Every structure is written in C-alpha cells, then in structure tokens.
Amino acid sequence: MRHVSKLFSNGTLALKDMNLDVRRGEFLSLLGPSGCGKSTALRIIAGLGSASSGNIDWPSSRINARGLPEGDVGFVFQEPTLMPWATVLDNVYLPLRLNGVSRSAARPRIMESLASVGLADFEKSYPRELSGGMKMRVSIARALVTKPRLLLMDEPFAALDEITRQKLNDDVLRLWRETSITVIFVTHSVFESAFLSNRIVVMRARPGQVCADLSIQTAAMRDANYRTSEEYRATTDRVSRALQEAIMLGAQGK
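Under the UniProt record's numbering, the sequence shown has 190 at position 190, and the numbering climbs by one with no breaks.
Hints listed in this document are in silico derivations from the structure and should not be mistaken for laboratory results.
In this text the structure is predicted, and so the values were computed from the model without any measurement.
Certain hints may be false.
[Unchecked claim] The calculated lysine to aspartate or glutamate pairs, modelled on DMTMM-like cross-linking and capped at a C-alpha distance of 25 Å, are:
(1) 147 with 121
(2) 147 with 112
(3) 167 with 79
(4) 135 with 123
(5) 124 with 79
(6) 135 with 170
(7) 124 with 112
(8) 135 with 192
(9) 16 with 245
(10) 147 with 170
(11) 135 with 161
(12) 167 with 129
(13) 147 with 79
(14) 147 with 26
(15) 167 with 223
(16) 167 with 230
Using the sequences plus the hints, can you model the full thing?
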C-alpha cells in the first residue's frame, strides 16, 4: 500500500496516507480499535473496495497449465457467508465454478482443501447441519481452494466462543506453516494477534493510520503450552501497550 487514503461519501476519512509493505510468507495482523479502518484497508487490498488516493501493488490472477485458476488472493469474511441451499462441497467449489472449472475437474482440489481444515467427511453436509466453527472452516477451505499466495482474513473468529476460537487459531497457524502462504489477519484482540503473528501493525482511528509496527519473533512452538508461557505474557503486554497508545492518539485527534 502506498499513500492510501479512503474518504467515504458521508465525509468519513477512514484511512489517511496509509503505507504498508507485506513480505512474502509473513503472518501479519492488523490490530486496532473498532472504526480504525482495518477492514477497509483489507477490502481495498482485496479489490473489494477502492482507495480515494494512493495505490496497491499486487499481481493479478493467473491460470496454470491444467486450466485451473491460481488466484493470488483468498478472502475470509467476518461471517462464513455460505450458500444455505448448497452442500459443503458446492460451497467450496464456488470460486472455481465462477472461473469456469468443471465440477469433476475441481473435485480433487476441493477435497484437498476440505481435508486441510478437517472436513473431508462433511462434503455432503449442508450449512444448517454444521456448528459455527465448522461453517468458518468451510469458509477457510473455500478461500484456499484456488491456492492463493495471499490470504486475507477479516476478524473471522470474533463471533465464536473462546474454545472454538483457539482451535481455529491453531488450525490457521498449521495451514500457514504447511503452505508458506502470506496472511493478513484483521483482529481487535491483543491475545489473538500475539499468538498468531510474526508481525503486528497497530492502527489508530479518526483517521485510520499505522501507529506501530511490531516484530513478534519466537523460537517456541505456538501451541497450548505457549499460551501459558511467560514469553507469551510478555508479548501480549507489549502489544497491549502499543494498542493503548494508538487508542489515546485517536482520542486526542493527534
């Protein structure tokens, strides 16, 4: 992102002169209070919204030798946004279908994507038969089925209970390690960002701007034991201080 600003028609300046470089293979979290422009920035990166000024440098989609789309960007929304009349398999098939890939040609990739989120046995199920966590897994599988190089996640676990949220955090980390995909993850949770990320960009509100850029490095395995470690506690303290400073700057209008 280069000097990106976003002014809405109602006069709200959601982003002001935002600059952000994302390195390949990073797990980067955008952390900030509600209304700081995190989701707006993510949607602009994804091409789901336009910037009022500035630009985004991200390569366009490509097609591989087998005729399957290799989309550069996958997006996981705050809600699972599944089609209630379609099976799990057909929900995951959607991005490939929109790109003209036949169901039979897409099936191996769909099943691979479902297996990666632990839902290989639920291909014939309907959304109404799934828990909230399982619906979000389907949404993640759908985002990954095109094998994107960049995965954008917009507070996907905010509405889930803490136990389910932690399990899905573990799953996302595993997928990130296995695929070396680049992830930009929007959250307002200090604990979630500190657990998932190797870099956290803290944003302030009114208008949305980058306030701090924190590197989060650890040699420890990020698992249940890490959540109770002194290192994790120290990291959450550091991130919390940065967030509080961002909130104060927003309140002061500086």
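For each hint, the structure was consulted:
{"no.": "1", "hint": "147 with 121", "verdict": "holds (21 Å)"}
{"no.": "2", "hint": "147 with 112", "verdict": "holds (11 Å)"}
{"no.": "3", "hint": "167 with 79", "verdict": "holds (17 Å)"}
{"no.": "4", "hint": "135 with 123", "verdict": "holds (12 Å)"}
{"no.": "5", "hint": "124 with 79", "verdict": "holds (21 Å)"}
{"no.": "6", "hint": "135 with 170", "verdict": "holds (16 Å)"}
{"no.": "7", "hint": "124 with 112", "verdict": "holds (15 Å)"}
{"no.": "8", "hint": "135 with 192", "verdict": "holds (20 Å)"}
{"no.": "9", "hint": "16 with 245", "verdict": "holds (18 Å)"}
{"no.": "10", "hint": "147 with 170", "verdict": "holds (20 Å)"}
{"no.": "11", "hint": "135 with 161", "verdict": "holds (14 Å)"}
{"no.": "12", "hint": "167 with 129", "verdict": "holds (20 Å)"}
{"no.": "13", "hint": "147 with 79", "verdict": "holds (21 Å)"}
{"no.": "14", "hint": "147 with 26", "verdict": "holds (16 Å)"}
{"no.": "15", "hint": "167 with 223", "verdict": "holds (10 Å)"}
{"no.": "16", "hint": "167 with 230", "verdict": "holds (21 Å)"}
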